[in-house]
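Peer 1: In the order they appear, the protein sequences are chains B and D. Residue 1 is where the first sequence starts when you use our numbering, and the numbers rise one by one after that. Residue 1 is where the second sequence starts when you use our numbering, and the numbers rise one by one after that.
Possibly wrong hints are sitting among the right ones.
Once the Cα atoms are required to be at most 25 Å apart in a straight line, the calculated SDA-like pairs of lysine to any residue come out as [stated by the list, open to error]: (1) Lys230(D) - Ile97(B); (2) Lys229(D) - Asp176(B); (3) Lys279(D) - Lys358(B); (4) Lys230(D) - Leu101(B); (5) Lys150(B) - Glu264(B); (6) Lys249(D) - Val280(D); (7) Lys136(B) - Pro221(B); (8) Lys229(D) - Glu264(B); (9) Lys66(D) - Pro272(B); (10) Lys102(D) - Asp326(B); (11) Lys278(D) - Leu252(B); (12) Lys82(D) - Cys275(B); (13) Lys140(D) - Ser108(D); (14) Lys82(D) - Thr76(B); (15) Lys140(D) - Tyr121(D); (16) Lys358(B) - Asp335(B); (17) Lys229(D) - Ala73(B); (18) Lys104(D) - Leu95(B); (19) Lys230(D) - Lys290(B); (20) Lys279(D) - Glu264(B); (21) Lys104(D) - Lys82(D); (22) Lys278(D) - Leu95(B); (23) Lys229(D) - Gln89(B); (24) Lys120(B) - Leu104(B); (25) Lys136(B) - Leu95(B); (26) Lys229(D) - Asp326(B); (27) Lys149(B) - Leu104(B); (28) Lys117(B) - Pro228(D); (29) Lys290(B) - Asp110(D); (30) Lys115(D) - Lys150(B).
Not everything, but these chain D residues come out facing chain B in the computed CB check (under 8 Å) [said to hold, decoys possible]: (31) Val48; (32) Tyr64; (33) Cys87.
Since the hints were derived computationally from the structure, they do not count as laboratory data. Idealized CB from N, CA, C, for every residue including glycine.
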Amino acid sequence: MKVTYPHMGNMALGVKTMLEELEVKVVLPPPITKKTLTLGTKYGPEFACLPFKINLGNFIEAYELGADTILMAGGTGPCRFGYYAYVEQEILRDLGIYYDLLVLEPPERNILEFITKLKKLTGNKPLPQVIRAIKKGFFKIKAADEIEKKAAFFRARELTKGVTDRVWQEFLRNLDQAKNEKEINEAMNMAKESLASIPVDLTRKVLKVGVVGEIYTLLEPFTNFNIERHLGNLGVEVCRTIYLSEWVNDHLFMGLFRNFSRHEEIVREAAPYLCHFVGGHGQETVGGVKYLKKQGYDGVIQLLPFTCMPEIVAQAVLPEVSEQLDIPVLTLVVDEHTGEAGLLTRLEAFCDLLSFRKQRGGNYEKRLISGC
Amino acid sequence: MIIGIPRGLYFYDFYPFWETFFQELGVEVRTSKPTDKEILNLGVEKAVDDACLPVKVFFGHAEYLKDRVDFLFVPRLVSEYKRTYICPKFLGLPEMVAYRLKAKNILSQDLTFYKNWWGFYRGIYALGKKITPKSSKIVKAIYFAKKRQKEFLQKKKLGYQPVDLLELKNYTPDLKKPLFAVIGHAYNINDRHASMDLIYKIRRLGGEVLTPDNVPFKEALQKAGNLPKKPFWSFAVKNFGGALYLNEKYPLKGIISVNSFGCGPDSLITELTERYLKKVNSLPILNLTVDEHTGEAGLITRLEAFWDMTVERSFAGESNVPAHGQYGLGS
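Can you build the whole structure from these sequences, using the hints too?
Peer 2: What follows is the structure, encoded as structure tokens:
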């Protein structure tokens, strides 16, 4: 059994560690490139969302490297993600690519259910080893998120452009090689030290921008054209409302670690603009805007793949939220046709607007930007 | 008090129910006119660009109605059957309408069948409480509404389309004509403007139409068991299961699948339906995607070509498998 799974930001790191700890052979798909996207667009359904197409491309490329089993998360809707794996398998089969499917549906009752499903992967490994593997994978994801949050601070303030990115890349390499918790901590400490030694300009007035939206486009730098780095280079401190470790804690561990994620708090903020969950991260997007406003952010960017249903609902109410809370919101829709230059132009314009607003203090005229 | 029910989305599934329910409570019910250019333009103007055609149509109806009634009825229909959802856009509909149209008087209530039928009727009861304090009156209204809805469902099982029952009341379907299964969402197929009168175009050509509406949900659910995982959208169950059921039960000439551009569930489920039906038999499938820009001429051309391929050929004793390649020069 050679297991593969789709890329999503830093997820590959954690899952790889977990599977290798369980003595499962892992074949990672090659990093996402234009070719991946082209493959997915060619064979996937026309109106499927971008993550679906990239996943499909990942699987085709991983098959060429010898993978034979797909490990995927599932879902109970109403977002399309819960049905990805089955449609993808059908498409792959028609292409002559035969994969075994292993879908980890989110546990409906408790964590034991999730572990029983993992049994398929683990065979007859003792439970402590399984738990250790999950724990180690989780810690890696958590470490990556922590450093990423810190890097956003330094990227906006660094004196020489690109230094933070180099530290980040080095940290990822170290993290990938870390074999146990001690080495993970070492990698983290090293990264923290290198970050702290970056020459920064602390007097610079930086803009603070929050990024909300659909989880895949948020987490995967390929789909959002590395929006965080671009914003950082424009001198903007970026924060996301969704980090992978929080998502894993909420959805796979059923909130095992208390007071770890801001999920509940963000969802609570969504009322009265969106009082019911709409699948995906629609409610979090709406709540996120209010949450970020309270934290003192200057603006919010909503990212979504074309035709993403929950985000369209959020997009429909965001102009109202933006007006009432007095915080500019920019909606960016990405799909396989999105050009990087167009996206950058809009980001720059948005940041200009934000800095004008900030300079003029409270005395600006109300302006509203949105994709609609 | 006048309550307005927009003629969009779940109108074609639940209108008889709501009409009876509100009338029994002593409320006047008003609906918007059938979709036309004016309504569609209103909707396109008011809704989010990325929303699908039926949502835009609904916005148009809501905008048209909102100043003509006291309250606009926009329930939050979470789920229609057990352990299913409809679509995220239905879940956010009340807020979308309220904030996009700046409509103040919206009568809304969460209705969910997700756990059991009790939740659904409790929602309807709570809705009745907003109109009248008398419990017995509400229970009675629910009873009569349910009865009326049942009659509506039974008529649908005989081959009537919702639009026949709600808008054109003197049409009797004739299932002996060449049969076509039109697979798609009820709010697209039955909307005569959005689907460009697809049902009547087929009938005018001399055929008859069956849709997932004519399939009992239980049968559809059983057929949907062919999928590796039970779909969590009730529309997916209806469309996939309905297509399979109609295909087995009736001598279909072909299947026409109607999608609105950008429909999330359809993008995956149509793919699966097509692939599955191709494996089972070689029934011709026509895929039509509609949005607010679709031209009618293109639809007519494709429909006529499909008709020629499926019906006229069989009159001439040919199959629907193209002759191309069989007697070609190369072979």
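Peer 1: Hint by hint, say whether it matches the structure.
Peer 2: Results for each hint:
Only pairs whose Cα atoms come within 25 Å are accepted, and Lys230(D) paired with Ile97(B) is accepted, the gap being roughly 23 Å. At most 25 Å may separate the alpha-carbon atoms for a hinted pair to count; Lys229(D) and Asp176(B) exceed this at roughly 35 Å. About 61 Å separates the Cα atoms of Lys279(D) and Lys358(B), which puts this hinted pair outside 25 Å; it is violated. Simply put, Lys230(D) and Leu101(B) have alpha-carbon atoms about 16 Å apart, close enough for the 25 Å limit, and the pair holds.
Pair hint Lys150(B) plus Glu264(B) holds up; C-alpha atoms about 23 Å apart against a cutoff of 25 Å. Among the hinted pairs, Lys249(D) with Val280(D) is consistent with the structure: their alpha-carbon atoms are about 14 Å apart, no more than 25 Å. Annotation: proposed proximity of Lys136(B) to Pro221(B) holds, straight-line Cα distance about 24 Å (limit 25 Å). Distance check on the hinted pair: Lys229(D) and Glu264(B) sit about 29 Å apart at the alpha-carbon level, beyond 25 Å; violated.
Proposed proximity of Lys66(D) and Pro272(B) is supported: the alpha carbons are some 21 Å apart, at most 25 Å. Of the supplied pair hints, the one linking Lys102(D) and Asp326(B) holds, its CA atoms being roughly 18 Å apart against a limit of 25 Å. With a C-alpha separation of about 37 Å, the suggested pairing of Lys278(D) with Leu252(B) is violated against the 25 Å cut-off. Restraint check for Lys82(D) and Cys275(B): the C-alpha separation of about 22 Å stays at or below 25 Å, so the hint holds.
At most 25 Å may separate the alpha-carbon atoms for a hinted pair to count; Lys140(D) and Ser108(D) meet this at roughly 21 Å. Simply put, Lys82(D) and Thr76(B) have alpha-carbon atoms about 12 Å apart, close enough for the 25 Å limit, and the pair holds. With a C-alpha separation of about 13 Å, the suggested pairing of Lys140(D) with Tyr121(D) holds against the 25 Å cut-off. Taking the CA atoms of Lys358(B) and Asp335(B), the gap is near 32 Å; set against the 25 Å cutoff, the hint is violated.
The straight-line distance between the Cα atoms of Lys229(D) and Ala73(B) is roughly 13 Å, inside the 25 Å bound, and the hint therefore holds. Simply put, Lys104(D) and Leu95(B) have alpha-carbon atoms about 53 Å apart, too far for the 25 Å limit, and the pair is violated. Pair hint Lys230(D) plus Lys290(B) does not hold up; C-alpha atoms about 36 Å apart against a cutoff of 25 Å. A distance of roughly 46 Å separates the Cα atoms of Lys279(D) and Glu264(B); the hinted pair therefore is violated under the 25 Å criterion.
For the hint pairing Lys104(D) with Lys82(D), the CA-to-CA distance comes to about 32 Å; that exceeds 25 Å, so the pair is violated. Between Lys278(D) and Leu95(B) the CA atoms are separated by roughly 15 Å; this keeps the pair inside 25 Å, and the hint holds. A C-alpha spacing of about 12 Å is found between Lys229(D) and Gln89(B), which places the hinted pair at or below 25 Å, so the restraint holds. Annotation: proposed proximity of Lys120(B) to Leu104(B) holds, straight-line Cα distance about 10 Å (limit 25 Å).
This hinted pair does not check out: Lys136(B) and Leu95(B) have alpha carbons roughly 36 Å apart, beyond 25 Å. About 44 Å separates the Cα atoms of Lys229(D) and Asp326(B), which puts this hinted pair outside 25 Å; it is violated. Between Lys149(B) and Leu104(B), the direct Cα distance comes to roughly 28 Å. Violation of the 25 Å bound is thereby established for this hinted pair. In summary, the hint linking Lys117(B) to Pro228(D) is supported, as the alpha carbons are separated by about 17 Å, within the 25 Å threshold.
For a cut-off of 25 Å, the pair hint linking Lys290(B) to Asp110(D) stands: about 24 Å separates their Cα positions. Proposed proximity of Lys115(D) and Lys150(B) is contradicted: the alpha carbons are some 43 Å apart, above 25 Å. The interface hint given for Val48(D) is met, as the beta carbon of that residue sits about 5 Å from the closest beta carbon of chain B, less than 8 Å. Given hint, Tyr64(D) at the interface with chain B, is violated; its Cβ is 18 Å from that chain's nearest Cβ, farther than 8 Å.
Hint status for Cys87(D): holds, given a least beta-carbon distance of 6 Å to chain B, under 8 Å.
In this structure, the earlier hints numbered 2, 3, 8, 11, 16, 18, 19, 20, 21, 25, 26, 27, 30, 32 are contradicted, and the remaining ones agree with it.
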